[in-house]
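Participant: As given, the protein sequences belong to chains A and B, one line each in that order.
Counting with my numbering, you get residues 1 to 102 for the letters of the first sequence.
Counting with my numbering, you get residues 103 to 212 for the letters of the second sequence.
Derived from the structure by calculation, the hints contain no laboratory data.
Do not take every clue at face value.
Straight-line C-alpha distance at most 30 angstroms; calculated DSBU-like pairs for lysine-lysine [unchecked claim]: (1) B:Lys-110 x A:Lys-29; (2) B:Lys-110 x A:Lys-7; (3) B:Lys-165 x B:Lys-127; (4) B:Lys-110 x B:Lys-127.
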Amino acid sequence: MDTTAQKLLESVLLPLKVIHHQLDNDSHKHSGSATDSHYNLVLVSQEFEGLGLVKRHQQVYALVGALMSNPIHALALHCYTPDQWQARQAKMPPTAPCMGGS
Amino acid sequence: MDTVDTIKQQIESNAILLYMKGTPKFPQCGFSSQTVQNLMNCGERFAFVNILEHPDIRAELPKYANWPTFPQLWINGELIGGCDIITELSQTGELAEMVSAAVPAEADAE
């Protein structure tokens, strides 16, 4: 695992009491030479219960902080409660394809 | 007018507002493209701001919104989410409900 991915997971797993996670590095699907710019992350935690989707993402962004401007360009986030994750049959949604540009 | 005031005014005066990279016809990023497609599927008119043409808004809005990336969809002054959330809301049908509920009353009265 690359170091950006490691830092990303370290910043969220314990604080959010994540019981399950999946992280894909999608950087190779995108333009530019960076190998640690695009990620697709699923987090499952009871902590998300009762929170709207925006609030869940804001919690994650607050923890990931500085990584979001550099080197991470895009972080696709999917935050589920254990019940929601089970209802999805533990399937990770795909990310949008890149179109180059900025 | 400073940038934050511009942002506030845009959010207040447009019931459905998408901040995106590029335009609905020519999106410049896969995430903006997917979001605008989901929004257009709802069949209502919406406003957009191409943040690639407005570097000041691109710099300020993430701080104002406490949301680091684009696109951002705002409905009735509230941040609804970025690409992942909009895709999810679109799949469950909630997005279409939120969008039709947000269409200004005067448009219905015509």
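Participant: Does each hint hold? Answer for all of them.
Facilitator: Here's how the hints hold up against the structure:
no. : hint                  : result
1   : B:Lys-110 x A:Lys-29  : 35 angstroms, violated
2   : B:Lys-110 x A:Lys-7   : 34 angstroms, violated
3   : B:Lys-165 x B:Lys-127 : 27 angstroms, holds
4   : B:Lys-110 x B:Lys-127 : 25 angstroms, holds
Hint violations for this structure: numbers 1 and 2, all remaining hints satisfied.
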